[in-house]
Every structure is written in structure tokens, then in C-alpha cells.
Amino acid sequence: MDDSAFSVRNLSVAYNGRRALEGVTLEVARGSMVGVIGPNGGGKSTLVKALLGLVPYEAGEVEILGRKPRRRVRRLVGYVPQREEVDWNFPVSVFDVVMMGRVPALGLLRQPSRRDRELVTGALETVGMADHAEARIGELSGGQQQRVFLARALAQEAEILLLDEPVSGVDALAQHEIFDLLRRLQDRGKTVLVTTHDLTCVTERFNAALLLNRRVVAYGPPDEVFTPELLNAAYGSHLRIIDVGGRTVAIEEG
Amino acid sequence: MAGYLLEPLEFGFMQRGLIAAVLVAIACGILGSFVVLKGLAFIGDGLAHASFGGVALAFVLGANVYLGAFIFAMGTALGIGAISRRGRIRFDTAIGVLFSGTFAFGILVISRVEAYTVDLFGYLFGDVLSITAGDLWTIGILGALVLLVVFAFYRQLLFVAFDPTVAAASGLPAGALNYLLLGLLGVTIVTSIQAVGIVMVVALLVTPAATAYLITRRFHHMILASCAIGSLSAVLGIYLSYYAAAASGASIILVATAIFLVTLAVTGRVRKAASIPGPSH
Ligand SMILES: Nc1ncnc2c1ncn2[C@@H]1O[C@H](COP(=O)(O)OP(=O)(O)OP(=O)(O)O)[C@@H](O)[C@H]1O
Ligand SMILES: [Mg+2]
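Chains A and B, in that order, are what the protein sequence lines are.
Under the working numbering, the first residue of the first sequence carries the number 1, and numbering increases by one thereafter.
Under the working numbering, the first residue of the second sequence carries the number 1, and numbering increases by one thereafter.
Please keep in mind that the hints were generated in silico from the structure rather than gathered at the bench.
Computed from a predicted model, the values in this text were never measured in an experiment.
There could be a bad hint or two in this list.
Pair ranges (Cβ atoms, derived) [said to hold, decoys possible]:
| # | chain 1 | residue 1 | chain 2 | residue 2 | range |
| --- | --- | --- | --- | --- | --- |
| 1 | B | L214 | A | T25 | 50 to 60 Å |
| 2 | B | A246 | A | N40 | 55 to 65 Å |
| 3 | A | A135 | B | L9 | 42 to 52 Å |
| 4 | B | H220 | A | T248 | 42 to 52 Å |
| 5 | B | L67 | A | N10 | 50 to 60 Å |
| 6 | B | A245 | A | G138 | 38 to 48 Å |
If you want the ones that stay clear, here's a sample from chain B, every Cβ over 10 Å from chain A, calculated [as the list claims (entries may be wrong)]:
| # | residue |
| --- | --- |
| 7 | Q156 |
| 8 | L158 |
| 9 | S170 |
| 10 | R269 |
Yeah, the Cβ is synthetic: ideal placement off N, Cα and C, and Gly gets one too.
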């Protein structure tokens, strides 16, 4: 059995001829928790989308769990998008949203079975949102919405979870809850990859940090990656590392 | 009172008109819910106008007008896709150019054939009371098609409408489903043309669905409510047009608009009342 979740070789992605990722080579071990850090526009979201097969590759290849990223394999990858990509005014309940995770496996005309419902309820319990199953998605707080989306990925029976800035616009307490939740999921054997700006959090809880600015600047254990030299190399001179209530956060200056 | 309700039903054209209008309102209620939430009103209006070119051409050639309308609507829809994908022209600009072009083509065709103008007028402004038994069959079949396809693909369409990126990422054919939605929109519009007219199709798509949005919390409830509101508007509108001797399409849309405005006012007041903090004890 191959024990790498993602195996990325020499990946390049370009939008209209401009490269957003260049020569990215990366091995993500199964069951690990990786934090992706980098400047705005550094290609974090693009990397996530490339791993999901949402953007075409200019060059390179990606293997998921040792296999080519075909449709069936993609179902093993759950995705929580950046908040801005979702229409929160849509009239859907929390339960409806999590049930969407079952849709790819459902096929046409098949109503959700007992097992589908159990997976949905189980996922809602895991993320601590079972009491809100009937709420309309737009009524929840940002942190709760992120947990519902995570539940959808779990209902999909994803082995790998990709989260794009899950804690941006979410208050500090809810951030902790989300990262604790991710840790518990890692303990259950899930592979987790998160883009974030919170260096402390990555240092405290993640196995690996990926410093990304179009290319891989550094990849390894967080305390080896977050050195002033490497951070400066990734952010140029725009970086300011500040302490907010004992947490280290990377801020960019225009 | 019952006499007022029953008397018009003695006429075959009234029976056909009511059935046709309710069928159309149901198809529009379903598709309209997607149109409202995905912001497709402009595309819907464009497709309707584009289909007029097909209506006019088919009419003159003696072909099936619904088929002509559908071919024109879909052809232009694919045309916009092709033009705007090149990236040199914005999506809405491409819609504006192509749809007014095909609409103008329709006007040109009918202006050359004066004898037909009055009949074609019905397609522009809607005349549900002149529907023939053959038209009714076409409307029934198209309506059933829309219903069946949405029923079969409901969960997939909902997922793609709510969250297209994640739907695509989880392996759903998001592109194909979007084209399916566009195709259904074309079918629905073509079906609705004779009931409310090209100029007002978009109102029958958007107004009942927008009303339903105000009073529901889940998507399938929104669809049901929007079908119900549309059907109610259709029936009331047709009675109104019978007794007031007014155009049926305009009457239907006016009733739908009135229901929307009342709902907006009432729900606005309820929200306000709910958000006023009660007296503290
Ligand atoms: N759909 C797109 N079309 C064109 N260019 C794009 C697109 N998406 C991203 N880009 C460009 O690609 C580069 C990388 O963007 P990306 O969103 O991956 O960065 P990011 O690291 O996620 O940034 P942020 O921290 O702001 O989320 C940027 O220069 C961006 O402008
Ligand atoms: Mg991003």
C-alpha cells in the first residue's frame, strides 16, 4: 500500500499565460497535517484547486493515494472552499448541505438510503453541529458554517481534507475549535491540508509546513520552515510577523 | 359567486387557456427558482427574445414554431458561450448583441409578411386564450419533460447551483449540469411564449420564484411555493382577462407582481416586528 496522500511532481499552473505555480514538487504523507503558508497571490488556493483537479495543469502530474486523479478517486478528497466562493443566501438547511456530500455517490434517481442519512447525521455529530441540522445555512456564524462544510466533506467519506483559509473571518475561539476538530480527524487517520496565515497554529498543531510563493520555498517540520530567512524569502520584504495575544501571525504590507 | 367562476369554464378556449397557463406556471416555477438564485434573469430574457427569430421563421415556413423557437434559443445560447469564452467580450455584452440580433431578425421576417403580423403578435405579448388543442399537447409534453428531468437530476442540480466549485471537485460533471440547466431554461421559455409572450416570459420565471424566496427556507419548498404562486397568478390572471376583456399575458404578470409586492410588504413587516427587542422585565 502506497502511504502518500498526494504526490505532486513538477506541477505548473498558469492563468492566461501567467504562472501561479511553478515546478511544485511535493509529497504529502497519509495521515499528516500540512499547513500551507505564503503571501497573498502566492498560489495557495491555486495549489488546492490543482490538487482537486479544478484548474488545468500546464505541466507536471498529481497522484492521489497513489492513483491517477480520476473521478472515483476525487471522491476521496473533501474540499472546504474559501468563504467568498459560496452564496450564503441560498435557501438550504444544514442537513441539505451535508447531504450534498452524498450526491456524487448517489447517482441518478436514487433517494438517500438509511446509510446516507446515517453518514450525514454522524458527520454533523463529529463537527458538533447536530443540533443545528434544521437551520438555514445563512443563519449560522462563520465558524459554524465552516464546520458544516467540513461535515459535508466527511459525509462524502473523504480520506483527505483540503481547507482553504478555514479560519479567515472567524473569531479566535471558533478558530481553536476548528483546528482542534482537524486534529481529532487527523487522529482518526484523515490527511489534512490547510491554507492559513496563522503561523503559531501551524507550529503548534501541524506536522508539516509548506511555504509557498509560486514555487515551494520550503517544506518540512514547521520549526525548520519558519525561520526568518525562509519567511523573508517567501514574502520578500513585505512581511511583518506580529504577535497578537501570544499568537504569531504573518501580515503583509502593501 | 360560483357562477362567476364557472361561467367562463363553459368555453373550450377558457379550459385550454387555464390548463396551458397552469402547466406553464409550473415549469416556470421550477426553473425560475434556479434563475432567481443563480442570477440568470438576464440570460432568460435574452433567450426569450432570441427565440422570436425562430418563431417568425418557422411561422413563415409553416414549420412547428416551438421547434423553431427552441433551435434559435439554444443556438444563440451556445453562440454566447463560444464568443465569451474567447475572453475578448464580456458575457453580458455577448448576450445583448446576439439576442437583440436574433430578435431583430424575427421582426424583420414578420414585417415582410404582413398577413401574419396579427398572429405573431400573440407570440410577442402572449395570448393564452387562443391556444389550440395541438398547442396544448406541445405545452404538456414540454412541461412533463422539464418536470421529469429536474426530478431525476434534482440533487445534482441543487449541489451545482449552491456550490459549483465543490460540486465539480467532488466529481460531479458541473459543466454538463450547467448546460442541462440552460437547456431546460430554453425549453421552459419556449413553452411559455404563447401563454405570456416573449416580452413577459422573464417575469413569469422570476416573479413567482422571487415571492417564494421570501417565504421559504429550503430549496424544494421554494420550488413548490413558486409553482403554487405562479399557478394562482395564472388562474386569477385569466379570469381577470376574461371579465376585464384585457390581454391574458399582461393580466397574469400583473397578478404575479401584486402577489410579490404584498408578500414583500408583509414579510418586511414581520421581520421588523421580530427584530424589535421586547420590553425587558
Ligand atoms: N481564476 C483566475 N484567473 C486568473 N488569475 C487568477 C485566477 N485565480 C488566481 N489567479 C492569480 O493567480 C495567482 C495566485 O492566486 P491564488 O488565489 O492561488 O493565491 P492565494 O495564495 O490563494 O492568495 P490569497 O492569500 O489572497 O488567497 C494570483 O496572482 C491571482 O491573481
Ligand atoms: Mg486563496
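Each hint, compared with the structure:
The hinted window of 50 to 60 Å between L214/B and T25/A holds, with their beta carbons roughly 52 Å apart. Checked against the given bound of 55 to 65 Å, the beta carbons of A246/B and N40/A, roughly 59 Å apart, stay inside it. A135/A and L9/B have their C-beta atoms about 45 Å apart, which keeps the hinted 42 to 52 Å range intact. Taking 42 to 52 Å as the suggested C-beta distance range, the pair H220/B and T248/A conforms, at roughly 47 Å.
Between L67/B and N10/A the beta carbon distance is about 52 Å. The supplied range of 50 to 60 Å therefore holds. Roughly 46 Å separates the CB atoms of A245/B and G138/A, a value that falls within the hinted 38 to 48 Å. A beta-carbon of chain A is positioned within 10 Å of the beta-carbon of Q156/B; the least distance is around 6 Å. Remark: the non-interface label on L158/B conflicts with the geometry, its nearest Cβ contact in chain A lying 7 Å away (cut-off 10 Å).
Separation of S170/B from chain A is inadequate, the least Cβ-Cβ distance of about 5 Å not exceeding the 10 Å criterion. Even its closest Cβ contact with chain A, about 20 Å, leaves R269/B beyond 10 Å, as expected for a residue assigned away from the interface.
Violated hints, in rising order: 7, 8 and 9; the structure is consistent with all others.
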